Amino acid sequence: MDLRGLVNNAARWLSGEDDADGMIVSCRARLARNISTLPFAPKATLDDQEQIIEQVLGAAQQGRQMGNAAFFKMNTLQSNERRLLVERHLISPALAESKGQRGLLFNPDESLSVMINEEDHLRLQAILPGLQPMQAWQEVNALDDELGGLLRYAHSEQWGFLTACPTNTGTGLRVSVLIHLPALVVTEDMERVMRGLTQMTFTVRGYHGEGTNAVGNLFQISNQSTMGVPEGEIVEKLVEVTRQIMAHEKEAQAALLKEAPSEVEDKVWRAYGLLAHARVLSSQEFMNLLSAVRLGRSLGIIDGMSSGFINQLMIITQPSHLQAEAGVDLSPEERDVRRAEVARRHLAELGAA
Amino acid sequence: MKCETCAKGEATVAYTHIVDDTKKTLFLCEVCAEEKNIETAAPSEDKTKDVPVLVKEVKEELTNLAGAEDASSASCQACGMAYDEFKKAGRLGCTECYGAFAPQLERLLKRIHGAERHQGKGPIAARSESPPKPPSIDEVVTTDTDTLDQLRDELAKAVSAEAFEEAAQLRDRIRALEGGH
Ligand SMILES: [Zn+2]
Ligand SMILES: [Zn+2]
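So the protein lines, in turn, are chains A and B.
Under the working numbering, residue 1295 is the last one in the first sequence; the count climbs by one each step, no gaps.
Under the working numbering, residue 183 is the last one in the second sequence; the count climbs by one each step, no gaps.
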């Protein structure tokens, strides 16, 4: 399989399904696991790493869920190919940058994946569209049952699954949603909402674009501790917290629309106009315009545009996607031109359809 | 909202940690969050690392513990990880490190997670072939006949059986005896 083919692959998590009024992009559940008889990452030799890859691949091949999975060794990929996998949320930036024997297994719709030899021997992930973290947990749990039946995981009665970093010990579960909160950002109510939220030991953070500023009014909410609460309850709490935040966002959106309907409508259509006609778009500007369009869709100002379309556009305009599609090295300035081209082409196709 | 650490950057990360059983929330900018090694949400074009929460906290806690319990000489027999090394990296070297550093980890895990015991799923494979339980502390020779060597033997067994609770208790007793000499 050629990695460049991934650029236009319709990953399941981008489909826009269950998007909760356009507010939730995606959700994921990740499990950290280690093989008890082999050293953890800090002490693993290249030989150990090879053995770990072999064992994980052997287990995956015996199971059903990863039967059609693609496998890549990181050291056989170009750095842009690894960045492409990062942009598709298949690997972490740490895995993309690390040396040694590291691998990635993922199924054709990219919903299930296993990073091998990241911080832990295995990082199993299920990533799905919209607000369905319980489903994501169940899918990753089923994969974990399958692999865990064949691999001997590091585990203790008292502390649960043993991980390289004590912050993941216990369930090894990190579950998160990617949420769009434009009105809370505008009305500067994020602080109040975040203060309430963190009472429940969840972390909220801005979604990165290029550089260090949070862009596009996208936030990730995830659980902070991994020990002492059963997996199902962690997921239920995340959903509860997410619904609270969504209610705040809805209120804020309604208030904005009531206060300044023309300004809101104008902002949405201006953003649409720029996306449809601009010739140069930086990543940050693009993400902010896309946020306004996403809000326009949530408010019913724009119809005929799906969440899936917006999500897909958000991914294919990221730097390594643009680069892979171009097939040649692009400077940041050239990328900004390509980004505008891609946005223009997709909006034109949408208009024509 | 401005970052509560540097008061310059825009706060985009809400960060809760537990200090003496009470929760504290900090609002941080990307740069300060990075410094605390809080897990990144998504890819960025810069060299942002996808590392777990609280790593810096872990290191600080480990430093405190080292002072309090003189753990700096401990090391893991299985992988050779020295306590100092763990303290620096915040990462353990193997399954058995959890036994070797059990007393320190017990406090650390409680502090990170606000819990002392795992609840939830267990391993599928290990369920059918779990290692035999080592003798409990009370069955191990006690009182006058206690020797450091015996206790160290028991500790090694407890560690290899992944019985970390026992290991922790044994380690405490070894310490007590060592202190008395
Ligand atoms: Zn700061
Ligand atoms: Zn070790």
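In case anyone wonders, no lab produced these hints; they're calculated from the structure.
Incorrect hints may appear among the rest.
What the hints assert, rightly or not - Okay, derived cross-link-like pairs now, SDA-like style, lysine to any residue, Cα gap no bigger than 25 angstroms in a straight line:
1) B:112 / A:1039
2) B:159 / A:1099
3) B:10 / A:1138
4) B:89 / A:1042
5) A:1209 / A:1286
6) B:90 / A:1039
7) B:112 / A:991
8) B:10 / A:1131
9) A:985 / B:4
10) A:1179 / A:1100
11) B:90 / A:979
12) A:1041 / B:82
13) A:1041 / A:946
14) B:4 / A:978
15) A:1179 / B:118
16) B:4 / A:963
17) B:4 / A:1226
18) B:159 / A:978
19) A:985 / B:82
20) B:90 / A:1036
21) B:89 / A:1100
22) A:1179 / A:979
23) A:1209 / A:1138
24) A:1015 / A:1051
25) B:89 / A:987
26) A:1041 / B:159
27) A:1200 / A:991
28) B:90 / A:1040
29) B:10 / A:1135
30) A:1015 / A:1041
31) B:89 / A:1209
32) B:90 / A:991
33) A:1179 / B:116
34) A:1192 / A:963
35) A:1041 / A:1179
Source: prediction; values computed, not measured.
Structure-based check of each hint:
1. Distance check on the hinted pair: residue 112 (chain B) and residue 1039 (chain A) sit about 32 angstroms apart at the alpha-carbon level, beyond 25 angstroms; violated.
2. Simply put, residue 159 (chain B) and residue 1099 (chain A) have alpha-carbon atoms about 16 angstroms apart, close enough for the 25 angstroms limit, and the pair holds.
3. Restraint check: the Cα-Cα separation between residue 10 (chain B) and residue 1138 (chain A) comes to about 23 angstroms, which is no more than 25 angstroms; the hinted pair holds.
4. Taken as a hint, the residue 89 (chain B) and residue 1042 (chain A) pair is honoured in the structure, with Cα atoms around 24 angstroms apart against an allowance of 25 angstroms.
5. Under the criterion of a C-alpha separation no larger than 25 angstroms, the hint pairing residue 1209 (chain A) with residue 1286 (chain A) is consistent with the structure, at around 18 angstroms.
6. For the given pair, residue 90 (chain B) sits about 21 angstroms from residue 1039 (chain A) by alpha-carbon distance, which is consistent with the 25 angstroms threshold.
7. At most 25 angstroms may separate the alpha-carbon atoms for a hinted pair to count; residue 112 (chain B) and residue 991 (chain A) exceed this at roughly 31 angstroms.
8. Between residue 10 (chain B) and residue 1131 (chain A) the CA atoms are separated by roughly 19 angstroms; this keeps the pair inside 25 angstroms, and the hint holds.
9. This hinted pair does not check out: residue 985 (chain A) and residue 4 (chain B) have alpha carbons roughly 40 angstroms apart, beyond 25 angstroms.
10. Among the hinted pairs, residue 1179 (chain A) with residue 1100 (chain A) is consistent with the structure: their alpha-carbon atoms are about 23 angstroms apart, no more than 25 angstroms.
11. Note on residue 90 (chain B) and residue 979 (chain A): the hinted pairing holds, with a Cα-Cα distance of about 24 angstroms set against a maximum of 25 angstroms.
12. A distance of roughly 22 angstroms separates the Cα atoms of residue 1041 (chain A) and residue 82 (chain B); the hinted pair therefore holds under the 25 angstroms criterion.
13. Using a Cα cut-off of 25 angstroms, the hinted pair residue 1041 (chain A) and residue 946 (chain A) holds, with the two alpha carbons roughly 22 angstroms apart.
14. Distance restraint check for residue 4 (chain B) and residue 978 (chain A): the Cα-Cα separation of roughly 44 angstroms exceeds the 25 angstroms cut-off, and the hinted pair is therefore not satisfied.
15. As the CA atoms of residue 1179 (chain A) and residue 118 (chain B) are separated by approximately 20 angstroms, the hinted pair is consistent with the 25 angstroms bound.
16. Restraint check for residue 4 (chain B) and residue 963 (chain A): not satisfied, since their Cα atoms lie roughly 30 angstroms apart, outside the 25 angstroms limit.
17. In summary, the hint linking residue 4 (chain B) to residue 1226 (chain A) is supported, as the alpha carbons are separated by about 20 angstroms, within the 25 angstroms threshold.
18. At most 25 angstroms may separate the alpha-carbon atoms for a hinted pair to count; residue 159 (chain B) and residue 978 (chain A) meet this at roughly 16 angstroms.
19. A distance of roughly 8 angstroms separates the Cα atoms of residue 985 (chain A) and residue 82 (chain B); the hinted pair therefore holds under the 25 angstroms criterion.
20. Annotation: proposed proximity of residue 90 (chain B) to residue 1036 (chain A) holds, straight-line Cα distance about 19 angstroms (limit 25 angstroms).
21. Of the pairs offered as hints, the one joining residue 89 (chain B) and residue 1100 (chain A) holds, with about 22 angstroms between alpha carbons and a cut-off of 25 angstroms not exceeded.
22. For the given pair, residue 1179 (chain A) sits about 34 angstroms from residue 979 (chain A) by alpha-carbon distance, which is inconsistent with the 25 angstroms threshold.
23. Pair hint residue 1209 (chain A) plus residue 1138 (chain A) does not hold up; C-alpha atoms about 30 angstroms apart against a cutoff of 25 angstroms.
24. Between residue 1015 (chain A) and residue 1051 (chain A), the direct Cα distance comes to roughly 19 angstroms. Compliance with the 25 angstroms bound is thereby established for this hinted pair.
25. At roughly 21 angstroms between alpha-carbon atoms, residue 89 (chain B) and residue 987 (chain A) fall within 25 angstroms of each other, so this suggested pair holds.
26. With a C-alpha separation of about 35 angstroms, the suggested pairing of residue 1041 (chain A) with residue 159 (chain B) is violated against the 25 angstroms cut-off.
27. Using a Cα cut-off of 25 angstroms, the hinted pair residue 1200 (chain A) and residue 991 (chain A) is violated, with the two alpha carbons roughly 59 angstroms apart.
28. Restraint check for residue 90 (chain B) and residue 1040 (chain A): satisfied, since their Cα atoms lie roughly 19 angstroms apart, inside the 25 angstroms limit.
29. Of the supplied pair hints, the one linking residue 10 (chain B) and residue 1135 (chain A) holds, its CA atoms being roughly 21 angstroms apart against a limit of 25 angstroms.
30. The hinted pair formed by residue 1015 (chain A) and residue 1041 (chain A) meets the criterion: a straight-line CA distance of about 11 angstroms does not exceed 25 angstroms.
31. Note on residue 89 (chain B) and residue 1209 (chain A): the hinted pairing is violated, with a Cα-Cα distance of about 51 angstroms set against a maximum of 25 angstroms.
32. Taking the CA atoms of residue 90 (chain B) and residue 991 (chain A), the gap is near 23 angstroms; set against the 25 angstroms cutoff, the hint holds.
33. A distance of roughly 16 angstroms separates the Cα atoms of residue 1179 (chain A) and residue 116 (chain B); the hinted pair therefore holds under the 25 angstroms criterion.
34. For the hint pairing residue 1192 (chain A) with residue 963 (chain A), the CA-to-CA distance comes to about 9 angstroms; that is within 25 angstroms, so the pair holds.
35. With a C-alpha separation of about 37 angstroms, the suggested pair residue 1041 (chain A) and residue 1179 (chain A) falls outside the 25 angstroms cut-off, and the hint is violated.
In summary, the structure is inconsistent with hints 1, 7, 9, 14, 16, 22, 23, 26, 27, 31, 35 from the numbered list given earlier, while agreeing with the others.
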